[in-house]
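The number in my numbering is simply the position in the sequence shown, starting from 1, with 8 added.
If you're looking for bench data, these hints aren't it; they were derived computationally from the structure.
Heads up, some of the hints might be wrong.
As the list claims (entries may be wrong) - Distance condition first, Cα-Cα at most 25 Å in a straight line; then the derived SDA-like pairs of lysine to any residue: (1) K227 to E213; (2) K305 to L96; (3) K334 to S265; (4) K350 to I405; (5) K331 to S229; (6) K250 to L96; (7) K241 to T278.
Unchecked claim - Pairwise CB distance ranges (calculated): (8) L306 to K239: 21 to 29 Å; (9) R264 to M9: 39 to 47 Å; (10) G39 to L240: 33 to 41 Å; (11) L240 to F298: 34 to 42 Å; (12) E296 to E169: 56 to 64 Å; (13) L122 to L332: 46 to 54 Å; (14) N103 to E78: 16 to 24 Å; (15) S173 to I300: 45 to 53 Å; (16) I192 to G382: 27 to 35 Å; (17) E203 to M244: 55 to 63 Å; (18) S161 to L254: 32 to 40 Å; (19) L306 to E203: 48 to 56 Å; (20) K330 to L21: 48 to 56 Å.
The C-beta atom is built at its ideal place from N, Cα and C for all residues, glycine as well.
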Amino acid sequence: MYVPLRNHSHYSLTLSTSRCKQITTKCEEYGYLYAGLTDIGSVSGCVKFIQECKKKEIKPILGAELIIKEFGRITVLCKNKTAWTQLLSVISVCNNPENYIDEPSISMNELVDLIDGSNFVCIDGYIGSGLFNSVFTDHECIIQAADLEECMSCIDEETVERSLSYIGKIKQVFSDYFLEIDNIDKLPVTSVMSEIIYRIDPDFEFTIPESSSFYPDRKDSLDHRLLLCVKLKTTMKKLESKINDLNDFNMLKFIRSSSYYIKSPVEIETSYRSHVIRNVGVILDMIEDFNILSNPKLPDFQCPDGMEQNDYLKHLCRQGWKKLLKDLPPEKINTYKDRVLKELGVIEKANLAGYFLIVQDYVNHFRDLGYLIGPARGSGGGSLVCYLIGITLIDPIPHDLIFERFFNVGRYSSDNISFSEFSYKDFISNGV
9 MYVPLRNHSH YSLTLSTSRC KQITTKCEEY GYLYAGLTDI GSVSGCVKFI QECKKKEIKP
69 ILGAELIIKE FGRITVLCKN KTAWTQLLSV ISVCNNPENY IDEPSISMNE LVDLIDGSNF
129 VCIDGYIGSG LFNSVFTDHE CIIQAADLEE CMSCIDEETV ERSLSYIGKI KQVFSDYFLE
189 IDNIDKLPVT SVMSEIIYRI DPDFEFTIPE SSSFYPDRKD SLDHRLLLCV KLKTTMKKLE
249 SKINDLNDFN MLKFIRSSSY YIKSPVEIET SYRSHVIRNV GVILDMIEDF NILSNPKLPD
309 FQCPDGMEQN DYLKHLCRQG WKKLLKDLPP EKINTYKDRV LKELGVIEKA NLAGYFLIVQ
369 DYVNHFRDLG YLIGPARGSG GGSLVCYLIG ITLIDPIPHD LIFERFFNVG RYSSDNISFS
429 EFSYKDFISN GV
């Protein structure tokens, strides 16, 4: 079974035009039951990708393309929930300021410290990968190579030995290790890589078909090149010379080839041997079903005197009432009372008290330090609770601002929320 494992979405910033919906729509069109997402140094698209896969009844495969400082790129696929958790730590380190040099990257030592390689499948061998860089140590040579013969001159007698040494180092970390072979892209450099991979794995025991995409269809390659112009701050006319100056074949491949789209089953079946395709099924068998979706998880807000979060939020509202609404006309009291009880009921039912407490804590902290804080932002100005606890400076009642624009019951649950557990006496206590 073949499926596209190494799809890149627009979360691979300025390197892909594909949206998650476009990837899953194309995979559904081709009848693929699985699809992978492996953005470069990012997992930001994974939640959206899972949601789109569910609509199409496609099983999502999550991973990332990592830039290893010492070698180049490798792709890792998560086999289980533990791998996903470890990958989050890896991505965080990749994007640290000291590691973000043009693109997110990580050292091999940092990577080994953060993961258990047995939880991942590693894919290598494509243009720009670690194996590619061990084969072609002189990128300027392959950039200048006009045909297969010139490209072959860019390797030497030690190429295979050097490549095997590199693979040995990677397999010390990742026991489940596969090499991509590209039989569709007719670039001379891919032909050379295919020959090297055949020498390394003559029986194709761990070789799989190339599956990288940066745009949905071949026709989208022009749009992709325009995106590269944005990234490199150049024009289409000057794009290739700009990339030549960078001495980066990993970028130049997008100019010399239009093959970085999602391949059809027919293309794969006519371009690869059956046992190479079957190796993709070996990978699929390794990947467990696991779910990363959950409700938002807020950090615990430490309330004074051991108070519960909902009780402390009500306490802050009482204090705000004393300060802001002490001169409220009697005929307005019921309006304000009903509003604040309604909001507190929704907040407690949705388990959002911690959210309000965290926001008021940092807003009031910076206001106390003398920083300029905006009076409100967007629909948050419609919350009386926000006003009472200092998040906003606008009383929503005189302006007919509604809480439902900020948060409503339907966004939490279809169940009716009862406010019977709250009482005016409970709220307007302690002499308020």
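Q: Indicate whether the distance between the beta carbons of E203 and M244 respects the range 55 to 63 Å.
A: Taking Cβ atoms as reference, E203 and M244 lie about 33 Å apart, which means the hint is violated.
Q: Return holds or violated for the Cβ distance of R264 and M9 against the range 39 to 47 Å.
A: Hint violated: Cβ distance 30 Å, outside 39 to 47 Å.
Q. Do L122 and L332 keep their Cβ atoms within the hinted range of 46 to 54 Å?
A. holds, 49 Å
Q: Could you say whether the range 33 to 41 Å given as a hint is met by the Cβ separation of G39 and L240?
A: Given range 33 to 41 Å: holds, Cβ gap about 37 Å.
Q: Hint says 56 to 64 Å; check whether the CB-CB distance for E296 and E169 agrees.
A: violated, 37 Å
Q. Within 25 Å, alpha carbon to alpha carbon, are K241 and T278?
A. Violated, at roughly 39 Å.
Q | C-beta pair N103, E78: status relative to the range 16 to 24 Å that was hinted | A | At roughly 18 Å between Cβ atoms, E78 and N103 fall inside 16 to 24 Å, so the hint holds.
Q. Within 45 to 53 Å or not, the Cβ separation of S173 and I300?
A. Given about 36 Å between the Cβ atoms, the range is violated.
Q | Holds or violated: K331 to S229, with C-alpha atoms at most 25 Å apart | A | violated, 62 Å
Q) Holds or violated: 27 to 35 Å for the Cβ distance of I192 and G382? A) violated, 54 Å
Q: Using the beta carbons of L306 and K239, state whether their distance is inside 21 to 29 Å or not.
A: violated, 36 Å
**Q.** Hinted pair K250 and L96, Cα distance within 25 Å
**A.** Given pair K250, L96 is violated - Cα atoms ~34 Å apart, limit 25 Å.
Going down the numbered hints, you'll see the structure goes against 1, 3, 5, 6, 7, 8, 9, 12, 15, 16, 17, 18, while the others check out.
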